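S.K.: Please dock the two separately framed chains into a single complex, following the hints provided.
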Amino acid sequence: MKIRVLIDPDRDEEVLIYAHSASPQLRRLQEAIEKALSHQDAIAVKKGASEVFLDCFEILFAETSGDRLWVHTATDVYQCPLRLYELEERLPRGFARASKSCLVNASLIFALFRSPSGVGEARFSGSEKRVFISRRYYKGIRDKIAEMRLEA
Amino acid sequence: MKKTGLSRSVFWGMVLILTAALLILNGFGISLGEGFTPVRIIAGVLLVAWILYDLFRVKIERIFFPLAFLFLIYEPLIARWVGREGEDLLSAWIVLLCALLLTIGVNLIKGSRTSGKEKNSKHIGNSTLYLDANDPDACVVKENLGNVTVYFVNAENYRGGATLHVQNNLGEITLHVPSDWTVTTDASDNLGQVRIPERDVVSDKVLHLKIHDNLGRIRVLFD
Numbered sequence: 087m088k089i090r091v092l093i094d095p096d097r098d099e100e101v102l103i104y105a106h107s108a109s110p111q112l113r114r115l116q117e118a119i120e121k122a123l124s125h126q127d128a129i130a131v132k133k134g135a136s137e138v139f140l141d142c143f144e145i146l147f148a149e150t151s152g153d154r155l156w157v158h159t160a161t162d163v164y165q166c167p168l169r170l171y172e173l174e175e176r177l178p179r180g181f182a183r184a185s186k187s188c189l190v191n192a193s194l195i196f197a198l199f200r201s202p203s204g205v206g207e208a209r210f211s212g213s214e215k216r217v218f219i220s221r222r223y224y225k226g227i228r229d230k231i232a233e234m235r236l237e238a
Numbered sequence: 175m176k177k178t179g180l181s182r183s184v185f186w187g188m189v190l191i192l193t194a195a196l197l198i199l200n201g202f203g204i205s206l207g208e209g210f211t212p213v214r215i216i217a218g219v220l221l222v223a224w225i226l227y228d229l230f231r232v233k234i235e236r237i238f239f240p241l242a243f244l245f246l247i248y249e250p251l252i253a254r255w256v257g258r259e260g261e262d263l264l265s266a267w268i269v270l271l272c273a274l275l276l277t278i279g280v281n282l283i284k285g286s287r288t289s290g291k292e293k294n295s296k297h298i299g300n301s302t303l304y305l306d307a308n309d310p311d312a313c314v315v316k317e318n319l320g321n322v323t324v325y326f327v328n329a330e331n332y333r334g335g336a337t338l339h340v341q342n343n344l345g346e347i348t349l350h351v352p353s354d355w356t357v358t359t360d361a362s363d364n365l366g367q368v369r370i371p372e373r374d375v376v377s378d379k380v381l382h383l384k385i386h387d388n389l390g391r392i393r394v395l396f397d
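Protein sequences appear in the order of chains A and B.
Mapping the first sequence onto our numbering, position 59 (from 1) lands on 145, and the numbers just tick up by one.
Mapping the second sequence onto our numbering, position 194 (from 1) lands on 368, and the numbers just tick up by one.
One chain only, chain B, in its complex shape (with noise of 0.2 Å):
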């Protein structure tokens, strides 16, 4: 699923519409099953929906609390189903405890698989990054309320389509690029301020940014 505005909305709507469709159905007697009543419906749908938004997204460390959550509504006709009616299969602490240590594991894996170079996380203060221009689609720039100046090396082996992302929140960040480069840029930016010079030069290096600034300041400077 790409991550525009647009099919984020789709996405939601068609959920929406299938939740309405399912509590139409079950209005009029047509059952799901026995247990499923509309509150397991909407919350079902909703779970499984959010799951599937997430893994769609690849953020894997975000459906463990969703499919916990949606264990502990479906429990008693999940232990109908392995024929322990009547039973808790599971404590509802051990659940949300084994969501929450899944959801640290997965976080810290993926943390350790995407630290140094390919993210640039800064808060306060000032600080430089060096971006090496063989790989930068492997960076994000992140930046909360401080300066980050930010430079790209080995810009001569840069062979162009690769996607900066850059995300600021109150600070201030400044991407000096060479000046034989052309930047084209997807910016989201509330209330803040992103600056790129306009220029005449057309070349096969390009660097698509896409930012996402909140009340910051991005400018782009060509050396």
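Pulled out of the complex, with its shape left as it was, chain A reads as follows (with noise of 0.2 Å):
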């Protein structure tokens, strides 16, 4: 499917898609666009005193540590107010679980690595930053990122 932007400040405003037929892959981006324009997909962070609205598209991972929840983007660091499973639950089905204290965002994950001990290790493109993922979670990274990929 090709995407034309087109810009022209005279109009209004709208996305339209041409499609042969109503596909579960359209659906899904119907959904993508709508929850994109509805800003449902901004979640919000702190850093220092301001609170951020943060676009989850932009989440690299979050992790625990101690009694909070910090969330990464490629140049950042943010304060999330939620628990890990309430913020799992607000996030996309690009996310997925690296730890028991982590989540990723599988759509950004550039390089996968696996040490012989079984700990694996996601590398994101445009930044040095890595989540080591655990042996029980591994899989289902892996498997996350083949289905994404199939959706593509």
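Everything labelled a hint here was simulated from the structure, so no lab data went into it.
Some hints here could point you the wrong way.
Claimed, not checked - Taking lysine to aspartate or glutamate and the EDC-like style, the derived pairs with C-alpha atoms no more than 20 Å apart in a straight line are:
1) B/LYS379 / B/GLU330
2) A/LYS133 / B/ASP306
3) A/LYS132 / B/GLU372
4) A/LYS133 / B/ASP309
5) B/LYS233 / B/GLU249
6) B/LYS316 / B/ASP354
7) B/LYS379 / B/ASP309
8) A/LYS132 / A/GLU120
9) A/LYS132 / A/GLU117
10) A/LYS132 / A/ASP162
11) A/LYS133 / B/GLU372
12) A/LYS133 / A/GLU120
13) A/LYS133 / A/ASP162
14) B/LYS379 / A/ASP162
15) B/LYS316 / B/ASP360
16) B/LYS384 / B/ASP360
17) A/LYS133 / B/ASP354
18) A/LYS132 / B/ASP397
19) A/LYS186 / A/ASP229
20) A/LYS225 / A/GLU207
21) A/LYS186 / A/ASP141
22) A/LYS132 / A/GLU99
23) A/LYS132 / B/ASP228
24) A/LYS132 / A/GLU100
25) A/LYS133 / B/ASP397
26) A/LYS133 / A/GLU117
27) A/LYS132 / A/ASP153
28) A/LYS132 / B/ASP306
29) A/LYS186 / A/GLU175
30) A/LYS230 / A/GLU175
What the hints assert, rightly or not - Some chain B residues near chain A, calculated using beta-carbon distances under 8 Å:
31) THR302
32) TYR325
33) ASN328
34) GLU330
Because the structure is a prediction, the values reported are computed rather than measured.
Idealized CB from N, CA, C, for every residue including glycine.
M.R.: Next comes the structure, spelled out in structure tokens:
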């Protein structure tokens, strides 16, 4: 499917999709666009004293340390007032558990590595940040990446 | 006293010279007092130096055993000074037990005061530390055998000039430093690897890293 963006300040903004038939992929695309337009995927996080509304698609991973939940983008770290399971419920399908205390955005994973001990590591494009993946969740993340590639 | 190798060498050098001078004086018959045998002189000077050395370094918990040994060595002289010549003031077991209890007690008190964010020690496994950029001076990152990743939070409030102590034994430490900070290092690396990317960025937000690495790997990454 081709994507075209036309910039015309004189017309009303709309998203129009031409398709041969109504497919599950089309429905997901429609849902994703609707979500993005309604800002449902924005998560309220804190950076210092300021509250920031972070787009879920920018999140690389989120992990708990002590009693706090930290959300990482490529260049920043934010504190999230939610618990990890609450955040997991609010995040889109592209997120998966990397360990009991970490959620990773599988759609932004650039490479997966696995050590002889079975512990994995995820690397992201455009960032030096890395996430360790425990043995138990490694296969789940690989499957999630494969699933997302099939859908694309 | 600065904890540099030079000042440490100077201190112990002076202690040894003082010991030699006292032994020479004693050998010439210039008595320091009755009961000051060469063994007592050597042991006494070294133990007092040990105590002073730890006091300068604010390692209070380490001074009790040298104090105990000092007391045991000089016990007959102390007994004479207090008018109880020929008596055992305290049993050696009591003295050593007291030294042990005092060491543990002071260690526990100091440990409870430096726990939490002030001292981050990890052993084996993978972990992540979040250090408050408002006060990184209060932090010591220690790692033995495992992997630890360090992030700075509240980075926008950092004023610069802090020193972060990083100690690594056979582990891997990755420090994610905000890109607008400048890092300077004082690294002591024994068969390990310390990698800090060279950059042209000049900033007031300077973070000084005091690194001690033994057979480990330390990387600094600018996010």
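S.K.: Each of the hints needs a verdict: does it hold here or not?
M.R.: How the hints compare with the structure:
1. B/LYS379 / B/GLU330: holds (10 Å)
2. A/LYS133 / B/ASP306: holds (12 Å)
3. A/LYS132 / B/GLU372: violated (31 Å)
4. A/LYS133 / B/ASP309: OK: A/LYS133 and B/ASP309 at ~16 Å, within 20 Å.
5. B/LYS233 / B/GLU249: violated (25 Å)
6. B/LYS316 / B/ASP354: Status violated; Cα separation ~25 Å.
7. B/LYS379 / B/ASP309: Roughly 13 Å between the alpha carbons, so the hint for B/LYS379 and B/ASP309 holds.
8. A/LYS132 / A/GLU120: violated (25 Å)
9. A/LYS132 / A/GLU117: Violated, at roughly 28 Å.
10. A/LYS132 / A/ASP162: Cα-Cα ~11 Å, so holds.
11. A/LYS133 / B/GLU372: violated (28 Å)
12. A/LYS133 / A/GLU120: Cα-Cα ~28 Å, so violated.
13. A/LYS133 / A/ASP162: Roughly 9 Å between the alpha carbons, so the hint for A/LYS133 and A/ASP162 holds.
14. B/LYS379 / A/ASP162: With a Cα-Cα distance of about 17 Å, the restraint between B/LYS379 and A/ASP162 holds, given a limit of 20 Å.
15. B/LYS316 / B/ASP360: holds (16 Å)
16. B/LYS384 / B/ASP360: holds (5 Å)
17. A/LYS133 / B/ASP354: holds (17 Å)
18. A/LYS132 / B/ASP397: holds (19 Å)
19. A/LYS186 / A/ASP229: Status holds; Cα separation ~18 Å.
20. A/LYS225 / A/GLU207: Holds - the C-alpha atoms of A/GLU207 and A/LYS225 are around 12 Å apart, at most 20 Å.
21. A/LYS186 / A/ASP141: violated (23 Å)
22. A/LYS132 / A/GLU99: violated (31 Å)
23. A/LYS132 / B/ASP228: Answer violated: A/LYS132 to B/ASP228 is near 44 Å, above 20 Å.
24. A/LYS132 / A/GLU100: violated (32 Å)
25. A/LYS133 / B/ASP397: Holds - the C-alpha atoms of B/ASP397 and A/LYS133 are around 16 Å apart, at most 20 Å.
26. A/LYS133 / A/GLU117: Violated, because 30 Å separates the two Cα atoms, which is more than 20 Å.
27. A/LYS132 / A/ASP153: holds (15 Å)
28. A/LYS132 / B/ASP306: Status holds; Cα separation ~14 Å.
29. A/LYS186 / A/GLU175: Between A/LYS186 and A/GLU175 the Cα gap is close to 15 Å, so the pair holds against 20 Å.
30. A/LYS230 / A/GLU175: holds (16 Å)
31. THR302: Hint holds; B/THR302 Cβ to chain A Cβ min 6 Å, cut 8 Å.
32. TYR325: OK, holds: B/TYR325 within 8 Å of chain A, min 5 Å.
33. ASN328: Holds. Min distance 5 Å.
34. GLU330: holds (6 Å)
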